[in-house]
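Peer 1: Chains as they are written, first to last, in numbering that gives the first Met the number 0: chain W, 0 to 355; chain C, 0 to 355; chain D, 0 to 355; chain X, 0 to 355.
Worth flagging that the hints you see were computed from the coordinates, not collected in a lab.
One thing to keep in mind: the hints can contain errors.
Since the list can't tell identical chains apart, any single copy or any two copies may satisfy a pair.
Claimed, not checked - Once the Cα atoms are required to be at most 20 Å apart in a straight line, the calculated EDC-like pairs of lysine to aspartate or glutamate come out as:
1. 196 to 93
2. 190 to 255
3. 46 to 305
4. 319 to 170
5. 319 to 167
6. 319 to 169
7. 319 to 255
8. 92 to 72
Note that the coordinates shown come from a computational prediction; the quantities given were computed from them, not determined experimentally.
Residue-level listing of the chains:
There are 4 protein chains.
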Amino acid sequence: MSYNTFGRVFRFTTWGESHGPALGAVVDGCPPGLALSEADIQPFLDKRRPGTSRFTTQRQEPDQVRILSGVFEGRTTGTPIALHIDNVDQRSKDYSEVAQAYRPGHADYAYDAKYGFRDYRGGGRSSARETAARVAAGAVARLVIPEVKIAAWVEAIGGDAIFYSRFDEEEIARNPFFCPDAQAASRWERKVDEARKAGSSLGATVTCQASGVPAGWGAPLYAKLDSELAAAMMSINAVKGVEIGDGFAAALATGEGNADPMRPGADGPQFLANHAGGIAGGISTGQPIWVRTAFKPTSSILTPVETITREGEATEIRTKGRHDPCVGIRGAPVVEAMMALVLADQKLLHRAQTGR
Amino acid sequence: MSYNTFGRVFRFTTWGESHGPALGAVVDGCPPGLALSEADIQPFLDKRRPGTSRFTTQRQEPDQVRILSGVFEGRTTGTPIALHIDNVDQRSKDYSEVAQAYRPGHADYAYDAKYGFRDYRGGGRSSARETAARVAAGAVARLVIPEVKIAAWVEAIGGDAIFYSRFDEEEIARNPFFCPDAQAASRWERKVDEARKAGSSLGATVTCQASGVPAGWGAPLYAKLDSELAAAMMSINAVKGVEIGDGFAAALATGEGNADPMRPGADGPQFLANHAGGIAGGISTGQPIWVRTAFKPTSSILTPVETITREGEATEIRTKGRHDPCVGIRGAPVVEAMMALVLADQKLLHRAQTGR
Amino acid sequence: MSYNTFGRVFRFTTWGESHGPALGAVVDGCPPGLALSEADIQPFLDKRRPGTSRFTTQRQEPDQVRILSGVFEGRTTGTPIALHIDNVDQRSKDYSEVAQAYRPGHADYAYDAKYGFRDYRGGGRSSARETAARVAAGAVARLVIPEVKIAAWVEAIGGDAIFYSRFDEEEIARNPFFCPDAQAASRWERKVDEARKAGSSLGATVTCQASGVPAGWGAPLYAKLDSELAAAMMSINAVKGVEIGDGFAAALATGEGNADPMRPGADGPQFLANHAGGIAGGISTGQPIWVRTAFKPTSSILTPVETITREGEATEIRTKGRHDPCVGIRGAPVVEAMMALVLADQKLLHRAQTGR
Amino acid sequence: MSYNTFGRVFRFTTWGESHGPALGAVVDGCPPGLALSEADIQPFLDKRRPGTSRFTTQRQEPDQVRILSGVFEGRTTGTPIALHIDNVDQRSKDYSEVAQAYRPGHADYAYDAKYGFRDYRGGGRSSARETAARVAAGAVARLVIPEVKIAAWVEAIGGDAIFYSRFDEEEIARNPFFCPDAQAASRWERKVDEARKAGSSLGATVTCQASGVPAGWGAPLYAKLDSELAAAMMSINAVKGVEIGDGFAAALATGEGNADPMRPGADGPQFLANHAGGIAGGISTGQPIWVRTAFKPTSSILTPVETITREGEATEIRTKGRHDPCVGIRGAPVVEAMMALVLADQKLLHRAQTGR
């Protein structure tokens, strides 16, 4: 079942395909009275926008957002906010090969198995273009949680990781990789260039931190803050793994090593560590929330891969056209958006139940 | 907000605390006409049951399930199925220390921050006892997906991993660790014993495979099969990471290395690899589904840890009482249950939309 | 699809059949810290309880409620509240006739058509006994909205209506009909007795007023306060119509006649009329909320009615056994409960979005 | 909380205000492979369109719908279908009076109370213009239930009702009142003209029948078919009452008079009456489904009405501008749309649970 809506009380619905006329999001449940205009959204879309460096797809999309409802005299009214982005650069192309054969690693075969056919132009609904709608919705979500500061960065490309000793948050915006370590960024330049020229692709990990989240957001079990974040991140195309705090490293630890001791602090407890990533028992502790995501390498590569046609016959396929050599790079603004969307929802849910 | 319900059309709601009189689940949306009695559920509860070896908590709970509604003349009626499990061994104990000071790594502080107070007896709602209700519900879910075979096993304890070359599915039921590698199981015996005697605890990873899932279950984005599985697994107490297929290893790969080439097969495509873990574009491909989860070490340890009291004063706490030295071990049946619950829901959702 | 859960953030799930061992409700999303014990719930169950006068079914059910979770030291914890009511008087009876032939007006045929079979003992899930679970949940909901006063009464039985000029709220609790007009109550005594002795049954209308609801609860469209109330009331067994404010009489009016003019008041506007029933544009106005419901006559009658067997052959059926001669009478406490459940949910939703 | 989404598995979300640039709907969960183009939707919008006779508002809106996603090569893909309708005739007007004073009967005061302010241009979100989006979504829903035939008609205007002895379904499309009784239509012409000229308005009842619904759609309680229909109809602006089958007349009946006896029929049971309106125990019986709705008179009238300003001072208001003298007339296509939307959802839910 399709279910293109995410969230419980702050909810958004996205629609649109890679090569359709437009795509968009409807944001529902937004608090009234927030100052909102296109200028609050556009900077986030610009960060995610393709074609801004040679390290992303060369598709040229201005990704200009228009607000079609839910805002009056510059403020949100509390009614649904429709966000609309035109597709501009749907380059005419011969799709006959993709229409006939399944690209391994892509959604082609699974879509056909589910729906009986598919929109094969540029991946249709499974294209990373859909994430523009999330980023737009995420910009609205940020207005709901002004107390929270969210930053995501690429932590590693193809296994080449940053050093946290060289972490510089300012640096993230200075290079085309959302990389907080200037040295890593310059290494990645060569690395991604090589992959791009070879028609290959690289995986990446993206880490996101949200600070300023007060203690108390979340819930004990099926709406645990970590469960919601895991669903949100795993809903991003190409994400194959999610960690909260120490994540898989926690499975290597002992109880002593994994404890986050507390001391009296000026303003609530002072934690001596944050193995838990800011969440205990599904509820925020007031520490920064840490989420790490694994992006697989783009499946679109120039090397021919064995596959089958729709009729079930053996063939080979190479994916020509415009693609991200490392889709994880542009994943950083998308991860930020999903973090904002989950936290906005959880803030309102917490307020619903407790009045705080 | 609480939200103790999981699922979209096959849904279950759990209730109950560690030291309350009982706990249970209500399963809603179950197809009618399925043969169901307590005997279909009890074996799964028995696998998860505490007190069966020295490697788990010594709390003695028979975990006898009763079906209170939704079954008539041995078959499901299509109306809600109430599952009821009495708590038997709520040993009387002095909780004054836990009531006054926050156990680091536990949900104590977060619950107080959210709700203003908490049921401190044995962890209340955040106790792993809640998972008995899920396992009972999961047993019902299995009846909805007879075509699927689900198996979960512990893959590593404290970083000591099995060898897949020695994988023997039969072995899983033969040792108290749900371990498919007999040599690893014997190593773990010593390892967990040491931790137990030292009053320490160990993390673990649990892997789950579901085979027999036909191609087509799932959805493109926010109800992606992998997104649902991530939410389900991360909703289990102590889980801090989730991977689908290669997971974080995919972030190290190139597009060539990560491809799952296809050849014509007798019955749909034959895949030459399964890096994707049986899911592409959020939809099952017909390959086995692989999910890996990271369980942190139990936070209850005998070593004193710095903490604060409810009044914000510095203190130390050691957690006495009955605890699992490695909560990941009993996580295996819970992971299986969550896999079954997600797949049953997705099967019905797929049927809703496509009629297949 | 079953969907035995109602509500958006304050949610409840009911389970149980007429002749099963027990029935119950799980209330989720309740604010923490509310004082709650069985004594807060029992009085409402006692009002709905069968067998208290000769005007209701003679089934003897003590309807003793037990709280199995979600309350600690006398206060709600914010986690799910399990409410449990044992069935006591499932009189052994020969159901072979009901099992074989469909009772017209009952759910028998429809259930068989949907599920392929049914629990025919006393109506199974479609029995009015299910409403005990709602009434218990409704008692919890009342604690969430202490600012609201809810009263429901029977307005007419078999077309014999009260006079509002004789309306006396105190009177409602003094007679077995929840009738606010003493004269009507004494007429109904004879009327219902006649129907009962004749093995016939009577329809009724039940009206409910909620005062103290502040302006602002509800939403513009699909979660309109009136839409939620309509769904809630129509979900009660035997209800076939719902009106808000003037309801169908508004269809006879002109715009002038239907206006609710406003004047400045001490505390917000003073309304000169309440044709709207306290709701405009889906949102409460601060005036009392009025809802009217139509209960059909109990379908269980002694007069033989033409029907068919499960095998499709012609037959006749008379419904012996214990039945309410006018099921609308005991509908009054159920209507009150549904009003409370909707308003509690809407209060929390309003707080989620607006922080008020 | 806003919740502008309706439905459980076949879901739609609407957005847009009376005087914004556009309005629309996103339809999610639609089965794949259905033939769909704008031409399947436009005729239903044309029926609802304003300005086609002097009996409706004179606002000129072409209501041209565009499909922006979810359709490929003329067939639905199973992904979300975005429907877009531009607003064209937002006549510039002085709204200062409406901005300052609350129109009695309108949502003005309630919106301000909830949100702190409101989009006062033409009623904003509370305008009947929103129903265009529902009608567009409803046209998609009809494709999901080709076995069902839906017809709605105006049954009475200002208390002047049709005679069912003169019911002619063909007649409905022949007059501007969706009236199946030619004589009533000619009476209404004069009646509505008088109201229009007097600057007054009239209430109406609209009845809808759905035939061809197989037995078995729906659910026992909170997702009862009648409960869903009641919510759907009551979500339409200006609706104040909903009846299923005999509705409030059932409250006047005896059990004998209200029975729907059955006889063996060629194809399932033959019912001798349909007091139940095609629904028993929340589940369809195979008989035609009957729903009746009450539309209040338009609150916009030329007669001055006492009211207050935003500052709480006494004033009077007359609503100038373009309005429907009887908003119930154009309610007929909207009621049809909501019927289709509920039934499509219920069909898929039934299929999910039972596989049929």
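Peer 1: Confirm or reject each hint.
Peer 2: Hints and how they fare:
1. 196 to 93: neither (22 Å within a copy, 61 Å between copies)
2. 190 to 255: between (39 Å within a copy, 16 Å between copies)
3. 46 to 305: Neither: 36 Å inside a chain and 43 Å across chains, both beyond 20 Å.
4. 319 to 170: neither (33 Å within a copy, 47 Å between copies)
5. 319 to 167: Classified as neither; 37 Å inside a copy, 43 Å across copies.
6. 319 to 169: Neither. Shortest intra-copy (36 Å) and inter-copy (46 Å) distances fail the 20 Å Cα cut-off.
7. 319 to 255: between (52 Å within a copy, 14 Å between copies)
8. 92 to 72: Only across copies: residue 92 and residue 72 sit 16 Å apart there, 43 Å inside one copy, limit 20 Å.
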